[in-house]
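Fit chain B to the given chain A structure using the hints.
There are 2 protein chains.
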Amino acid sequence: MANESILVIGGGPAGLEAARGIAGLGYKAILVEKRGQLGGTPDASGYAALTPDMRDAGEAMGEMVAAVENNSNVEIWLNTTVTGSEGSLGAFKVKVRKDGKDEVIDTGAVIICTGFTHFDPGRETQKYGYYEHDDVITLVDAEKLLKDGNFVRPSNGEAPKRVCFIQCVGSRDRQIGNEYCSKVCCGISSKQAIEIREMVPDCKVFIFYIDMRMYGFWENEIYWPAQEKFKVNYIKGIATEIIKKGDSLIVKGEDTTMRRPMEVPMDIVILAVGMEPSEGTKTVADIFGVTKNKYNFIETTGGALNTVSTNVEGVFAAGACTGPADLEDTISAAGSAVMKSIVSVRKITVPA
Amino acid sequence: MANESILVIGGGPAGLEAARGIAGLGYKAILVEKRGQLGGTPDASGYAALTPDMRDAGEAMGEMVAAVENNSNVEIWLNTTVTGSEGSLGAFKVKVRKDGKDEVIDTGAVIICTGFTHFDPGRETQKYGYYEHDDVITLVDAEKLLKDGNFVRPSNGEAPKRVCFIQCVGSRDRQIGNEYCSKVCCGISSKQAIEIREMVPDCKVFIFYIDMRMYGFWENEIYWPAQEKFKVNYIKGIATEIIKKGDSLIVKGEDTTMRRPMEVPMDIVILAVGMEPSEGTKTVADIFGVTKNKYNFIETTGGALNTVSTNVEGVFAAGACTGPADLEDTISAAGSAVMKSIVSVRKITVPA
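Those sequence lines, one after another, are chains A and B.
My numbering applies: residue -2 is where the first sequence begins, and numbers increase by one.
My numbering applies: residue -2 is where the second sequence begins, and numbers increase by one.
Since the hints were derived computationally from the structure, they do not count as laboratory data.
Predicted model, so just to flag it, every value in this text is computed and none were measured.
A hint or two may mislead.
One copy or two, it doesn't matter: identical chains are merged, so the pair holds either way.
[Said to hold, decoys possible] Heads up, simulated BS3-like pairs for lysine-lysine below, C-alpha to C-alpha not over 25 Å straight-line: (1) Lys291 to Lys226; (2) Lys249 to Lys233; (3) Lys291 to Lys228; (4) Lys249 to Lys124; (5) Lys144 to Lys241; (6) Lys25 to Lys344; (7) Lys291 to Lys241.
One chain only, chain A, in its complex shape:
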């Protein structure tokens, strides 16, 4: 008789959706989270509102957390990291460390939901001076200012008159080694641009981009309103350098549509940083012997027709640990991983 419980590693959107689903299907979910609380990156990074529906992120994640906390089929392990694994489908023995103490969790299958980390713009793109200029911030920093309802210049606490976003920081970049597109930054930047225009109506907002990847309904739900209703200025252009001049930042680069150099003053520059695999994703993948792609995201097998299976039978992955993913991708993939993980343990326990 195989163990029919499913171990879910990571308590962000993917992990919470997976644990709730497993429990709802009548199986036992064991949810392991390295932090002292659930909610994942939206909680840890203090997101203001979700993309594209602009729902309050704290409220949305709170509901997801409540659904697993008040659930007798979900066993929650906080402050817990995975340190090793033995066994195989139907009989994994997963070693964890909780509060400095080693324990073993028996489980039939595993869903890795260890997510991503935001690209550090100080790592390789010194040209933008993230660690040099107070008013050069990232999408994550901007999200915090928006959450606090106080979108001001970090340098002096004043309301900005001119704000710009620079897209593709840490993405689509061979020099950095991240050739992939991070998928969500165009949408999140546009969402933030709208929020800034609502919060600081006098402020002009610019977005410098290569391609605006507002796929599907993001086009009509965010991109068109951003331009038509909120008067966000989209400029196809490349920013090559940011310098400080008096009280202002000067963004230098090229407007590729107008085919001329640009040199524009800004009060705040927001770097649209992309996604990289989290440390947890790399560590956990190695522990389970799961193949990573060249960018260290977990490689799923089966091409377009299987978004969650890995090379290891009984080990699945969902959400941004497998590559750039929006929330819809993440939630859908979590559902698929629940289905496939339970099917895989049932194959052992239920006679064909």
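For chain B alone, kept in the frame of chain A given last:
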């Protein structure tokens, strides 16, 4: 005691994935398909290869079909259309017509997987002369030529020397009423461009685009190789008219990066037609009282954190019937719909 079977409407990628999953979890799937065979649009439209992994579409769909055909938990109804519905979660009575005969299917919940239809470029975009010029074709027509391994000019059967794609035909277009982006056309065009370059090495291939929406790994898996290895020419530009001149087609428009008018001869012009809801999607939505959005796709509720629930309890939707979706979206959503539909019927049958 509620009925615990799940009715899946539509036998394409979403429906096949859903039916297999339901069965794998030990529940009964009832799969209804209006055509005489399973496989959905990839089969009906004769797709050559899947995007992005370029797997043979016939082989891939064949495997999905086999998984439900040889499954004692899946009941398949071909040549069957849904004509009415009564009841509610746990006790739907769904009327169907099979081979001219009316029947009633009892089911606990429903997953709508009725997909999309390709935009008809003759409907409103007369400027491209789809029904006038033999060598103006669509992505669907091109896919058939590629599948046959014989990519030639329809007008004379000769190998083309110059082929171009025009993006966003029927998408991002207020005049037509489709403001949304169809999400997959950039990827499929790039995939076909590569296939054309492989099949007809002497042929130059151009893609005229507004934004190349090669999100996530499509960027490094398709877009970069298309440019660097296969020398596909991407031109940010707008095609406004196609005229015939001698044996050639002349594409007129504006190169927006070079800021100059363009007038270029082509042997084949491929219109990258977008997605619209299928007739089945509209009909079935109305039968179940499911809300449609302004474009007549099925509206899912719950924003970014729920991709499959509708306004009707016990009725779910997965894949391109909910809006533009790539295969990964579709497969993931099908898994999520399986999970949520079974959870919903279990809530009635299993004491809390």
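For each hint, the structure was consulted:
no., hint, in the structure
1, Lys291 to Lys226, "between (41 Å within a copy, 19 Å between copies)"
2, Lys249 to Lys233, "both (14 Å within a copy, 23 Å between copies)"
3, Lys291 to Lys228, "between (40 Å within a copy, 24 Å between copies)"
4, Lys249 to Lys124, "within (10 Å within a copy, 40 Å between copies)"
5, Lys144 to Lys241, "neither (27 Å within a copy, 57 Å between copies)"
6, Lys25 to Lys344, "both (17 Å within a copy, 16 Å between copies)"
7, Lys291 to Lys241, "neither (37 Å within a copy, 47 Å between copies)"
The structure does not agree with the numbered hints 5 and 7 stated previously, though it agrees with the rest.
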